Amino acid sequence: MAMPNGPQGERENYLNKEYGVGSWLLTTDHKRIALLYLMSITFFFFIGGFFALLIRLELLTPAGDLVQADTYNKLFTMHGMVMVFFFLIPSIPAVLGNFLVPMMIGAKDLAFPRINLLSWYLYIIGGVMMLHCMLTGGVDTGWTFYTPYSTAFTNTKIVEAGLAIFVAGFSSILTGLNFVVTIHRMRAPGMTWSRLPLFIWAHYATSIIQLLGTPVVAITIVLVAAERTLHLGIFDPKLGGDPLLFQHLFWFYSHPAVYIMILPSMGIVSEIIACFSRKRIFGYNFVALSSIAIAVFGFLVWAHHLFVAGISIYAAFVFSLLSYAVAVPSAVKTFNWTATLYKGSIRYDAPMLYAFGFIGLFMMGGLTGLFLSALGIDVHVTDTYFVVAHFHYIMVGGAVMGYLGGMHFWWPKISGRLYPEGWARLAALIVFIGFHLTFFPQFVLGYLGMPRRYYDYSHMPEFQVLNVLSTAGATILGVGYLLPMIYFLWSMRYGKPAPDNPWNAAGLEWKSASPPPTFNFDVEPVVTWEAYNYEELDAPHPQEAPVVR
Amino acid sequence: MSDSQTTAVQAAAHGHDPALLHHFAEPQQQRDAASLGMWWFLATEVMFFGGLFCAYLIYRLQHFNDFAAASQSLSIKLGAINTAVLIGSSLTVVLAVNAAQRAKRNLLVAYLLLTLVLGSTFLGIKAVEYTDKFKEHHVPGPTFHFVPERMEGHPEQPPIDQRHAEMFFSLYFVMTGLHALHMIVGIGIFVWLLVMAWKGRFTPSYNTPVEIGGLYWHFVDVVWIYLFPLLYLISRHR
Amino acid sequence: MAGNVDALFIFLLIVTGMVALLIFVCLLFFAARYRQRAHVHAEQIEGSTPLELTWSIIPLFVFLAIFAWGAVIYFKERTPPRDAAEVYVVAKQWMWKLEHAEGQREINELHIPVGRDVKLIMTSQDVIHSFYVPAFRIKQDVLPGRYTTAWFRATKPGIYHLFCAEYCGTQHSGMIGSIVVLEPAQYEAWMSGGSTGPLSVTGEKVFAELGCVTCHRSDAQGRGPNLQGVFGKPVLLQDGRTLVADENYIRESILDPGAKIVNGYKPVMPTFQGLLSEEQLNALVAYVKSLSGAKPGDGSGKANADAAAAQGSQVNE
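Chains as they are written, first to last, in this note's numbering: chain G, 1 to 549; chain C, 1 to 238; chain F, 1 to 317.
Read the hints as simulated data drawn from the structure, not as lab findings.
Note that the coordinates shown come from a computational prediction; the quantities given were computed from them, not determined experimentally.
Hints may be right or wrong, so weigh each one.
Stated by the list, open to error - Taking lysine-lysine pairs in the DSBU-like style, the calculated list, with each CA pair at most 30 Å apart, reads: (1) K266(F) with K97(F); (2) K97(F) with K76(F); (3) K238(G) with K119(F); (4) K97(F) with K156(F); (5) K260(F) with K119(F); (6) K205(F) with K74(G); (7) K238(G) with K97(F); (8) K17(G) with K97(F); (9) K205(F) with K76(F); (10) K92(F) with K157(G); (11) K104(C) with K238(G); (12) K238(G) with K77(C); (13) K92(F) with K119(F); (14) K238(G) with K156(F); (15) K17(G) with K92(F); (16) K92(F) with K76(F); (17) K260(F) with K133(C).
What the hints assert, rightly or not - Computed far set for chain F versus chain C, every beta-carbon distance over 10 Å: (18) A7; (19) E102; (20) D256; (21) M269; (22) T271; (23) Q273; (24) Q280.
Idealized CB from N, CA, C, for every residue including glycine.
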């Protein structure tokens, strides 16, 4: 194939096609927008991480000695808000999804490139509002901003933070909208639904949650802002409202939001495991459908956050039962990944280590979810460190491990460079160990009864040992998260140029150049093979799968 | 700038419609994508209003007497006129889409104008209603005061909990206010469509903006079709 | 209760531990056995529907069992025994105010006898709090504007942590206290001091002062329903619904009397919204409950109510 050459003799690609700030800030290329997102979410990740570090340092000693109580409350609030709304929710979809969804299905771009750019700007506007809010006082309500504390009692900037989340929410909706339409309408000839990579199925399910869940939290924020500024009585019992309604509306989004974070990670893990065990994923249909099942059931379990909030016994029964229903497809996925390894030909490159790490951490998070869905146990451990540990295992252990795995897997495609393999394996190990050390002690703390969001535990000195362990682990974890950023940056300049398909992986994105040209493919691809056709790729005399028919 | 140049160059090279964006293979794909996009957007709008309707219905059940009494102070006459105005505007939108498909530029411009007039009428009447509420002290806030109308044949009316009456009006203003905001956005879209139609941009092969703009307009109408009975009509007389 | 919760917890630890171990062993075994050097060519396996169904359905049944067990515990936790001693809890930023039915008031400390069922009737003056005693494995959010209840029975004397588990503002972590579980004899000694009289008697005074007795008479002649024996019994409402009169119903009838009118009565009662403190409300609720059974204050309450009714005091303040 003849390749046009760029200015430096490299072939032209999306990175070297144009230079200059304008060519980035006004780009409609999904790959460039993905990189814009990558920089922005990394920025917010380190802000959120900095808050986490301060929280862990404060909890090193039982007394409240590092910061003031109000500051501590703001720290965990801003940590939650930044990490949830400005890192975890956009992370995989907006970076890897943005980059890969069109490439994997053989499209030139997302269906609405300008809306894609708009969604990045909305994210940035929301992010700037959030930063402004933090710098001018912050919020101390917890990221859940329960009423009536948030509407009538706190004197912090809840309305501004709410608006920031509202705007970022629209960014998330537009991303989801783009993905759904792209997956429906932009698939290359021959790319049938049953040939879609599982990454795409996961993003399809994620997008549906973004589309149908986010507007509910948006209207909830509108009502909170209206109650706080205009004193409309909606949630405040003093004004005749019902604070439980807020919790229902909030969790109607915020529970499925967890699946926005974890489903794309599951998609990544499916890709990595298939590639590095050189096998078609075990039970493709079940893994694909389990993503959809998780998205659907995910909408029916929100009130399991309310078992001690004052809902009726019978409502609690229903939501406990449904919570177990959503556990089944998650279990199915884990079993299928394990089964995929059976009789594979397994390699242990860095992405695979992250995928193994994902299974290890996600399994801990998922299994402790079974404890929390059991009504009798939930009463004891909800609102304690048990819950904190549980959701960090899922949202940070699982989601971020998957995200890092995906970054390593596709970094050669994204940047055209190879990262140092040894460092990458080391980082995977450090993250895995650091994570367990940070959060496993918190399960024990929770069962012993330490409530979450406690600034000072000087009356419970028995909790200190476990807190010290957790803080020590957090330090290691911090190093583990910093490392990839350093060597990825390093590789952009000093890394070896990456071949088009360094892993010999299946999937359309690997049939394009590294880095890809602006419209992804020099020739419009026509798909004539099933997903994960590793048998053909590894055949003794591999035949190049024909790109054009 | 360079984007549109590339588009034009590519379009010329492939002999394509100039309205076809570079990343689509054919006009049909572009149309399908646009309309699917609008349908999914409307689905998010349904959830957006859905949260509000849900809150309203739950509180209505919880504080039935107060809500029913407060609902009686709304003007059925103005509400009904507005419903008729909106249904009429939906009709003119359908006719506009039809005119666009048949490339009748003048007819298209006329129907778009008519839609804009009807939409503005709706907002005008809504403004009158809001003014009345303001004068009656039914706007939630420090000046709020609600005295239920005495109904003949019902000498024994339960006392009204002012807070719950105020909650009704809070929800009334939030719901109709957000609906009005959607109307204003719709009017903005239709002004743009009008300008484009005036310039003769729409052809039988390229009229997707009219079509998906129309979808949005119909959706906003449908929201009102639910708002009107829920806020004004049901359980007016017990 | 703690024993039940721990039993289920240990059961879950064993089940999930086994699953985790199984997957872990499989992962390690496959990873070692099928590493590329040892197993150059992967064998393609499409999947297996029977296997998928097996590992969907077996977990489902295990989950159902866990659900049922958890639900039984929860049901017990949420259903206080009828003869439990009652303690009224008012939470505020950032303290717990507790009042025994016998009239003893405490702050951030609750003295109870060992082996006795204790029911907590809780409300909040401001934001949402949560009453959490880890040792008893109970937790219940405390909401403003309504009652929530919880109950427990302490089985060993000692001092146990009481935490607020729902984030409630600056001093959330300072909203802690202790549950002091005493031997019955010690408890009797503790109870003998510092009471202002049973809560229901306080409630009776409030009932008289507010003039409630003018309408809520102890015969059928009053403009309001006779409150004798109402609590815990079904009430037929004007709109045909029937509900059981519980603490929340009494509370609502005082604060929003138009909400649920008893069949056969006219909606004439004024609201007491904003006129009563949470403590006065608790006292009134305790009084109305005392009219329905073997709670302190029974009998004499009736006599006083009649006496006050005869004076015909005004509904005021």
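Cross-check of the supplied hints:
| no. | hint | in the structure |
| --- | --- | --- |
| 1 | K266(F) with K97(F) | violated, 37 Å |
| 2 | K97(F) with K76(F) | holds, 26 Å |
| 3 | K238(G) with K119(F) | holds, 26 Å |
| 4 | K97(F) with K156(F) | holds, 24 Å |
| 5 | K260(F) with K119(F) | holds, 26 Å |
| 6 | K205(F) with K74(G) | violated, 46 Å |
| 7 | K238(G) with K97(F) | holds, 20 Å |
| 8 | K17(G) with K97(F) | violated, 70 Å |
| 9 | K205(F) with K76(F) | violated, 35 Å |
| 10 | K92(F) with K157(G) | holds, 23 Å |
| 11 | K104(C) with K238(G) | violated, 59 Å |
| 12 | K238(G) with K77(C) | violated, 34 Å |
| 13 | K92(F) with K119(F) | holds, 19 Å |
| 14 | K238(G) with K156(F) | violated, 40 Å |
| 15 | K17(G) with K92(F) | violated, 63 Å |
| 16 | K92(F) with K76(F) | holds, 28 Å |
| 17 | K260(F) with K133(C) | holds, 28 Å |
| 18 | A7 | holds, 38 Å |
| 19 | E102 | holds, 34 Å |
| 20 | D256 | violated, 5 Å |
| 21 | M269 | violated, 7 Å |
| 22 | T271 | violated, 7 Å |
| 23 | Q273 | violated, 7 Å |
| 24 | Q280 | holds, 19 Å |
Comparing the model with each numbered hint stated earlier shows that hints 1, 6, 8, 9, 11, 12, 14, 15, 20, 21, 22 and 23 do not hold.
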